[in-house]
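Chemist: Listed in order, the protein sequences are those of chains B and V.
The numbers in my numbering rise by one with no breaks, and the one at position 22 of the first sequence is 22.
The numbers in my numbering rise by one with no breaks, and the one at position 307 of the second sequence is 307.
Take the hints with a grain of salt, since some may be wrong.
[Claimed, not checked] Just so you have them, the derived chain B footprint on chain V, three or more residues with Cβ under 8 Å:
1) 130-138
2) 211-218
3) 250-262
4) 343-351
5) 425-438
6) 481-489
[Claimed, not checked] No farther apart than 27 Å at their CA atoms in a straight line, the calculated lysine-lysine pairs in the BS3-like style are these:
7) V/Lys-490 with V/Lys-191
8) V/Lys-490 with B/Lys-110
9) B/Lys-110 with V/Lys-137
10) V/Lys-197 with V/Lys-541
11) V/Lys-191 with V/Lys-236
12) V/Lys-325 with V/Lys-240
13) B/Lys-86 with V/Lys-137
[Stated by the list, open to error] Which chain V residues stay away from chain B? Per the calculated CB distances, all over 12 Å, these:
14) Arg-221
15) Ala-521
16) Ala-525
No wet-lab data here; the hints were simulated from the structure.
Quick caveat, the model's predicted, so the values are computed rather than measured.
Just so you know, even glycine gets a beta-carbon here, dropped at the ideal spot from N, CA and C.
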Amino acid sequence: MSSTHAPATPLRVVVAKAGLDGHDRGAKVIARALRDAGMEVIYTGLFQAPEQIVQTAIQEDADGIGLSILSGAHMTLFPLVVEQLKEQGADDIVFFGGGTIPADDAAELKRIGVREIFTPGAPLSEIIAFVERECGKRRESAG
Amino acid sequence: MIDRASGLGPDVSPEYRELVERWEAKADRTAPRSGKGSGAIDRTISDVPLKTVYGPADVAHLDLARDLGVPGEYPYTRGIHPTMYRSRLWTMRQFAGFGNAKQTNERYHFLLSQGQMGLSVAFDMPTLMGYDSDSPKSLGEVGKCGVAIDSVRDMETLFDGIDLGAITTSMTINGPAAIALAQYIVTAENKGIPRAKLGGTLQADILKEYIAQKEWIFPPRPHVRIIVDMMEFCTKQMPKWNTISVSGYHIREAGSTAAQELAFTLADGFAYVEEAVARGMDVDEFAPRLSYFFNSHIDFFEEIAKFRAARRIYARHMREKYGAKDPRSWQLRFHTQTAGCSATAQQPENNIVRVAFEAMAAALGGTQSLHTNSMDEVLALPSEKSVEIALRTQQVLAYETNVTNVVDPLGGAYFVEALTDEMERQVEEYFAQIAGYGGMVEAVEAGFPQREIADASYRYQRSIESGERVIVGVNAFERPDETQQAGLLKIGAEIERGQARSVQSVRENRDGAAVEASLAALKRACAGTDNVMPYLIDCVKAVATEGEIVDAMVSVYGRYTENTQF
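Chain B extracted, bound-state conformation:
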C-alpha cells in the first residue's frame, strides 16, 4: 500500500472498542492490517469509555482513532467521543469508525464530525488508504 503522504515517522492510530460490545474480530483485523501497512497501532482492548479512548489517543500522540461498534450503541458512543475530542482540544485527530451501522445513522455521524464510517464488507485496502491519506494530511498541517 503506497501513499503520496507517506510521513517520515510512522502514523500512529488507536483502534478502539467502546461500551459493552465484545465483537472484536473486525477491530483486530483492522489493527493488524494497519500495522502490516506500516503504521503503529495501539489497540485499546474491550469495554472502553469514550473519555478513556480520547485520553489514550492524546497520551499516545495518535494521528487517528478508529472506533468499532457492532452492538447498536453507535448513536450514543460515537457522539460522546466527538464531544470528548472537542473538550480536550483534540478534534484534529482523525476520528473514523465501523460496524453494523445503517446508512442513515452513518450520514448523521458524519454530519457531527466522524470523518468516515466503514460498514461490513469494506475492503481493507480502502480503509488503509483512507487512514494514510487523512492522517497524513493532519501530519502535514501540523508541520
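With chain B fixed as given, assemble chain V onto it according to the hints.
Modeler: For chain V alone, coordinates are given in the frame of chain B:
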C-alpha cells in the same frame, strides 16, 4: 497440478483401474479455470486441501462398524436417532429479543402463532454483562441487541401468556446464566409450574466467552465453579433442563476455521465434564443433558463433514476417555445457527439464499434444532418480515425438499467421508496441543485458542481482499448504484429511559432488608463451597436486580480483564 483419486488397491477390477487411469490422464491435461474466485478451488473455506474427485481409495481405510455404524448407534457418525427426521423434525427455534420485555413478548407470540416450536431468548448487552439498565456502563446499549432483563419482574413480562410447562426455552446467556436460570425458575413457580417440569437450555458456556464472544464477568475459575454448581443443581432438581449448551458458534463467528470451531468447542465441553467429575459427580448423571451449538457456514460439504465428525469424536472421547456407560452420554446433540459472518450488508436479499444453503447443510449434518438468520441482521435487528422469511426457509427445507426422508443421505459419499476423517484428524491434533498446555482452561488462560482464531480470521480476510475468494456483492458482482433498504428496526432512546425508570421503581417497591440479607448470604456462599443456586433463587425472590446480584458476586471474585492480543 491435479490431485488424483489414485492409490487404488489390488482388489479393484482391471476395467475400473483402466477407467481411473484414463480419467487421470485427461484431468492432467485440463487446465483449472481462471478468473473470479479460482484462487481457492483447491481448498475449503477453512483451507483444507481438496482433490479433484474422490473415490473408493479415499474411504478404503474406513471400518464400517468402528467408524460409521448405523444411525442411533455408537459412534453416531450417521446421527443420534435410528430414524432421525422421519420420526421427528428438528426444532425450529428462532433466537429473538429486543427492546423491553413487553415488545419481545409480542414477538414471541407472533413466532409461536407462525409455527415456531420453541423459544430462544436474546438478551441485551447490559443483561449479558451483569449491569442494570440504569448503570452508566449501559449507556446506549439497553434493548439494542436483545431484550433488557433487570429483575424477575421483567422475566415475568417476557413470558406473559406463555405456558412454561408446555414449551421449551433456550436462553443465550453466559456470565450471569445462573441468575437467569434463577429468574426463570421463580417466574415459573410464581405461576404454579414446578421447576422439575421446566424444559429448556441455558448456554452457560463461559470458556468460549474468553475465547471468542467476550461476555464475561468473573475470571475463568470462579465462573467454571458456578457452572458446575448449576450442573449439580439441575441434575438434582431439574430433570428436563439442559444445563450447558457448549458453543462453537461464536468461535466460528470470531473467524475460526471449521476444525478450530470443532476442536475448541469439544475441548470446552470436556473441560466441564472433567470439572464436574472432579466435583464427585458421575459422568452419566449429567452428561446426557449437555448439548452443543454449532455454526453452519457457507462451505457446504465441509460443514456437513464437521457435524458428522463432531458426533464421532464426542462419542469416542465420552466412552473411551471419560468412561461414560450410558449411551445418552455418548450422543452429541446440537443446535445450529446459520453463519452471521457469512451474511453481507451489500445486496442483503442474497443472504436469504446463503441461509438456505447453510440450513440445508445443518439438516444433512443431522442437527436437533436450527435458527436461520434473517437477511437484514447484518444491518440491524431483524424486521418481522425478514424473520418470517427465515422461518419459512426452514419450513420449505423440512416439508418440501424431502432431504428429511432418508437418514444421513451423504453417508458413504467418498468426499464427505474423507472430509469427515480429515476434520477428526485436525481436531485430534488440536487436542494434543491443548493437552500440552495442561488442559483447556490453561490453554485459554495462555491465549492459545484466541491466537489461533485471530490468525485464521486474518488469513481469511486477506483471501477476500486478494480476490482469491469471491463474496457475491462484496468483491464481485457489485451494484455500485445500490442504496440501503428502508424499514430497518431501530430501538429508540426512550426504551433505555423507560427501562431505567422501571428498574428504579422496582428497587423502590420491595423489602430492602430482605434484599440485603439475601445478597449477604449469597456472598458467603460464593466465598465458601455451598452450591450458589439456592442463594441466587433467594435473591431473585427478594427481587434483587441482576446488577445487584452480580455486584455482590464481583465483590468476592473480582471482574476479569483480558490480556489483549491482535
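Chemist: Each hint should be assessed against the structure and marked as holding or not.
Modeler: Hint check:
no.: 1; hint: 130-138; result: holds (count 3)
no.: 2; hint: 211-218; result: holds (count 3)
no.: 3; hint: 250-262; result: holds (count 3)
no.: 4; hint: 343-351; result: holds (count 3)
no.: 5; hint: 425-438; result: violated (count 0)
no.: 6; hint: 481-489; result: holds (count 3)
no.: 7; hint: V/Lys-490 with V/Lys-191; result: violated (33 Å)
no.: 8; hint: V/Lys-490 with B/Lys-110; result: holds (19 Å)
no.: 9; hint: B/Lys-110 with V/Lys-137; result: holds (25 Å)
no.: 10; hint: V/Lys-197 with V/Lys-541; result: holds (19 Å)
no.: 11; hint: V/Lys-191 with V/Lys-236; result: holds (22 Å)
no.: 12; hint: V/Lys-325 with V/Lys-240; result: holds (20 Å)
no.: 13; hint: B/Lys-86 with V/Lys-137; result: holds (22 Å)
no.: 14; hint: Arg-221; result: holds (20 Å)
no.: 15; hint: Ala-521; result: holds (28 Å)
no.: 16; hint: Ala-525; result: holds (27 Å)
Comparing the model with each numbered hint stated earlier shows that hints 5, 7 do not hold.
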